[in-house]
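Next come the chains, spelled out residue by residue.
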Amino acid sequence: GEDVEQSLFLSVREGDSSVINCTYTDSSSTYLYWYKQEPGAGLQLLTYIFSNMDMKQDQRLTVLLNKKDKHLSLRIADTQTGDSAIYFCAETPGSSNTGKLIFGQGTTLQVKP
Amino acid sequence: DAGVTQSPTHLIKTRGQQVTLRCSPKSGHDTVSWYQQALGQGPQFIFQYYEEEERQRGNFPDRFSGHQFPNYSSELNVNALLLGDSALYLCASSPGDRVTDEQFFGPGTRLTVL
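Respectively, the protein sequence lines represent chains G and V.
Note that the working numbering numbers the first sequence so that position 56 is 58, with each residue one more than the last.
Note that the working numbering numbers the second sequence so that position 47 is 417, with each residue one more than the last.
Calculated lysine-lysine pairs in the BS3-like style (CA-CA distance at most 30 Å, straight line): (1) G:114 / G:38; (2) G:70 / G:58; (3) G:72 / G:38; (4) V:396 / G:58; (5) G:38 / V:383; (6) G:58 / G:72; (7) G:38 / G:69; (8) G:38 / V:396; (9) G:38 / G:70.
Calculated from the structure, these hints are not laboratory results.
Could you build all of it, start to finish, from the sequences and the hints given here?
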């Protein structure tokens with residue numbers, strides 16, 4: 003099946019690291035993504051990882067993929083108040099030959115000054 | 371360079387009515403996907419249009435239909451509106467219909483059904 007699960011809420015202090023977790027069920031997923039959504043704005047692609055990779059780093063963002071456990075995480079280093087938003091994990095299912103995305107329900111990140 | 375634009379921004383309809391939402395893709399993009407995002411939920415894939423044809427469809431009833439025009443813009447039509455159709459409708463465009471083509475999302479249309 004195609005299902006993506008995330009924890010709903012995370013609160014951190016400014017300057018700390020944030021880790022947002024996600025699990026998925028489709029073992030044939032090709033790409034996994036992290037999107038950010040701010041109020042009144044559309045979804046912004048933060049980063050993605052191909053399913054044959056274990057880790058990807060992009061400036062303050064680190065994505066870890068454990069394909070055996072179907073677990074994806076996003077670490078944000080030195081979290082800032084501007085990082086407060088809803089973060090969505092998404093996958094492209096293996097059954098799809100187009101860009102169809104399956105999203106989790108989103109994790110609200112609250113950054114306290 | 372304008373990104374993905376959607377109109378209207380907000381819309382209020384009553385049960386049983388029909389609604390049309392519009393999307394203009396980012397310049398250079400020929401593929402448009404539509405998603406429904408209920409309050410507190412993640413977006414759900416409705417369908418994708420490429421070369422004016424519906425390429426793939428999610429688990430949505432036939433009340434949801436779409437169209438893509440020769441200029442690649444797209445419309446989402448919903449007939450016989452239900453209260454449960456209240457949601458943010460997101461349009462995403464990409465430079466192709468391949469899995470590797472990054473999708474860019476518009477700000478959405480907030481539909482309220484009373």
